[in-house]
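**Q** Each chain, written out:
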Amino acid sequence: MSAFIQLEGVTKRFGDNVVLDRIDLAVEEHQVVCLIGASGSGKSTLLRCVNLLERVDEGRIFFDGKELTNGKVDVNALRRNIGIVFQAYNLFPHMTVLQNVTLAPRKVLGHGRRKAEDRARELLHRIGLEEKAEEYPDRLSGGQQQRVAIARALAMDPKLMLLDEITSALDPQLVSEVLNLVRSLTEEFGMTMIIATHEMSFAREVADRVCFLDAGVILEEGPPEQIFSAPRAARTQEFLGRVLAAGRM
Amino acid sequence: MHRFLEAFFSPHAFRQVFPDVWNGFQTNIRMMVLAELLVLAFALAIAVIRGLPGRGAWPLRALAVVYTDAFRGTPLILVAYMLALGLPGLGIHGISNRSPFVYGVAALTLVYTAYVTEVYRAGIESVHGSQRMAARSLGLSYGQALRYVVLPQAVRRVVPPLLNDFVGLQKDTAIISVAGVTEATVQAQNFGSSYFNYTGYVVAGVLFIFLTIPLARFTDHLVRERELRERALAG
Chain B
1 MSAFIQLEGV
11 TKRFGDNVVL
21 DRIDLAVEEH
31 QVVCLIGASG
41 SGKSTLLRCV
51 NLLERVDEGR
61 IFFDGKELTN
71 GKVDVNALRR
81 NIGIVFQAYN
91 LFPHMTVLQN
101 VTLAPRKVLG
111 HGRRKAEDRA
121 RELLHRIGLE
131 EKAEEYPDRL
141 SGGQQQRVAI
151 ARALAMDPKL
161 MLLDEITSAL
171 DPQLVSEVLN
181 LVRSLTEEFG
191 MTMIIATHEM
201 SFAREVADRV
211 CFLDAGVILE
221 EGPPEQIFSA
231 PRAARTQEFL
241 GRVLAAGRM
Chain V
1 MHRFLEAFFS
11 PHAFRQVFPD
21 VWNGFQTNIR
31 MMVLAELLVL
41 AFALAIAVIR
51 GLPGRGAWPL
61 RALAVVYTDA
71 FRGTPLILVA
81 YMLALGLPGL
91 GIHGISNRSP
101 FVYGVAALTL
111 VYTAYVTEVY
121 RAGIESVHGS
131 QRMAARSLGL
141 SYGQALRYVV
151 LPQAVRRVVP
161 PLLNDFVGLQ
171 KDTAIISVAG
181 VTEATVQAQN
191 FGSSYFNYTG
201 YVVAGVLFIF
211 LTIPLARFTD
221 HLVRERELRE
231 RALAG
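The listed protein sequences correspond, in order, to chains B and V.
Under our numbering, the residue at position 27 of the first sequence is numbered 27, and the numbers go up by one with no gaps.
Under our numbering, the residue at position 216 of the second sequence is numbered 216, and the numbers go up by one with no gaps.
Next comes chain B alone, as it looks inside the complex (with noise of 0.2 Å):
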């Protein structure tokens, strides 16, 4: 019986460069896992070859019992199931936050406007923007187009979210409100995650487990009190230090 999601042996290669190196990954139910390490460790490929953005070298993806990597998984019915934010929000500018959260569930889902408008309305009023839902994205600070982009993702009622580095593109100010509505996703909904991120404090309050990427491998993998507290690893030691050094934890 695999886990909710399961990676086996997945490997990525750029032409020449190596990018995942036989990843293994299991994450159960109601689990947020953090991906950690430096720039290029492979953790936002590692979250797009998930939902198949990426396509995956070699090994096998299982989700929620079916495997992703067969080649017959119909993507689009996948990728419902399975939201992603991104670091630079990529929202639609030419539409209005509201037509940024219900586009996918009235094209997709074929919901009527009606329902579909109530709903991202719903979800708008928990992230505090309801007041923005006519706004265009570029007239909203990084903070609040960030958390439409959590809410765009959400109103597909995603069984499983993917973060990617989502605090990275904002001023300092601006990145607790975002990881406050990521922190309630976890409290509120038990949503089952999988965070890339830098901040170091947040993976260590909200993470079940961390995994420690370098070069293409997870090199280290453990709950967070051990993961930061007492790394066994030469590499993840090394990398928390220049962390700490930093003022990033």
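FYI, nobody ran anything at the bench for these hints, they're computed from the structure.
It is possible that some hints are incorrect.
Heads up, incomplete: computed chain V residues facing chain B, CB under 10 Å, no partners named [what the hints assert, rightly or not]:
{"no.": "1", "residue": "141"}
{"no.": "2", "residue": "149"}
{"no.": "3", "residue": "153"}
Ideal Cβ placement from N, Cα and C applies to all residues, glycine included.
Here the structure of chain B is known, so what remains is to put chain V in place on it, guided by the hints.
**A** Same frame as chain B, now just chain V:
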């Protein structure tokens, strides 16, 4: 000097020739509107075809490339001659018995679709890949991502260069005179060769200018508006 004014700016000739040139000019406008609508639709379709992913779509992509290369490179006057003189002789039902007007619009459409395809394509490519990725990640299909996310942004960006091409198209309706369409240039020419007076050409020229000026100003306005908007966002 007097002879020059008399040949090109004769009030008397103006009164005589204006009704005919104006009449012909309405044909120019009809060709222009029809061709522009067809160009907008066909060019969009071909631009989309050129961007289709996957190995299976390569014959379509290749066809689209051959088409744009061929018709961007061929002078409009040649295409007009080929259609207007060549097609009637072929005796194909439904194609060979059309009016010169239809052949003219077809020639304009064939040539300008090739230009405008490239304009659309530049617009589609200018939309960052992360937009498409975000759309696909929400479960939208390739076609839905294109239709709801990529194309609306692409089309907005290409409106100024597209209108610029349409200014060219409007003027080039005059070339369609060679296909035997009685438009403004032909009317001016008829008058000129009967009376050795060329006021008709000036009238036609001024009409063309009046037609393109609003479009040119509108294009300027759009460009300026975008600049202001982008500056406001950067600040």
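**Q** A separate judgement is required for each hint: does it hold in the structure or not?
**A** Each hint, compared with the structure:
Against a cut-off of 10 Å between C-beta atoms, the interface hint on residue 141/V holds, since the closest Cβ of chain B lies about 5 Å away. Contact between residue 149/V and chain B, as hinted, is supported at the beta carbon level, the nearest pair being about 6 Å apart and thus within 10 Å. The beta carbon of residue 153/V is positioned within 10 Å of a beta carbon in chain B (closest approach about 5 Å), and the interface hint is therefore held.
Comparing the model with each earlier hint shows no violations; every hint is respected.
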